[in-house]
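K.L.:
Sequence:
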Amino acid sequence: MMKKVGFIVMALLLVVLSACSSSGSSDSSKKKTIVMGTSADYPPFENVDTKNGNKIVGFDLDLAKYVADKLGYKLEVQNQDFNGLIAALNSKKVDFVMAGMVDTPKRRQQVDFSKTYYQSYQVVLTRAGTNIKTMNDLKGKKVGVQLGTTQETLAKKVNKTIPMKIQSWDKLNEMVEAMRTKKLDAIITVDTVAYGYTSKDKKLEQFKAVVDGKTQYDPISAAFPKDSKLTAKFNKVFKEMEKNGKKDELVKKWIVNQ
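Note that the sequence shown covers residues -21 to -1, 1 to 237 in mature numbering (1 follows the signal peptide of the UniProt record, and there is no 0).
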């Protein structure tokens, strides 16, 4: 009789354990996925780590993972050319964009932006030893810019008074290789990205892009579809990250120590 009771108790325990296990996996499977659009050719914000399984890594990725986790989402990343990101956002192929994207009045006509989570300034990246030291020295030079960026806009503005041979490219890393082989004379980009190259390659150097006596600053933000509820949610977590030191930790990891 005791043996029979024992079997019954064990059976009941197995049922309870099975139910708990089932409940746990169910909760996990119900976790919603949020899709981030990016252009992974812009280190230290995002790039493909070819040494570790071609994973997309960077400041924006770690930032997005932290926010998604805090909001209870599973993060999925969609990589594509930068100039198609806003279209992907408005066609609902992605839920938000983090790609070192600058909040501009023109872009605000199409999308909403979060609060600024990082501010950088625009620079000119060149080969060391050239005579290109100021914006005026770009006259007549072959200057590369990434398609659809604020650097492309800046180059077109400067071109009105300092005529250049502007070339718009999809990928920044391809521009750098072209400049190394003298197919380009200079590249207009941002300081954090340029430093990722100049800190590792002494054959490259950079200087600030000063136009009309002013350094050109870029407020980098996350982009969302118009009236998205995610904008306020991201802003809340961004503020928390500033207070708890997480943002400074990621800046140190990806930007200061790159």
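Check before you lean on any hint, since a few could be wrong.
[Stated by the list, open to error] The calculated BS3-like cross-link candidates involving lysine-lysine, where the alpha carbons are at most 30 Å apart (straight line), are:
#1 Lys34 <-> Lys139
#2 Lys85 <-> Lys10
#3 Lys44 <-> Lys30
#4 Lys94 <-> Lys118
#5 Lys94 <-> Lys71
#6 Lys9 <-> Lys85
#7 Lys118 <-> Lys72
#8 Lys215 <-> Lys225
#9 Lys212 <-> Lys9
#10 Lys53 <-> Lys112
#11 Lys136 <-> Lys150
#12 Lys182 <-> Lys53
#13 Lys225 <-> Lys212
#14 Lys182 <-> Lys205
#15 Lys72 <-> Lys182
#16 Lys53 <-> Lys150
#17 Lys232 <-> Lys222
Everything labelled a hint here was simulated from the structure, so no lab data went into it.
K.L.:
Of all the hints numbered above, which does this structure not satisfy? Sort the numbers upward.
P.N.:
Violated hints: 1, 2, 4, 6, 7, 10, 12, 14 and 15; rest satisfied.
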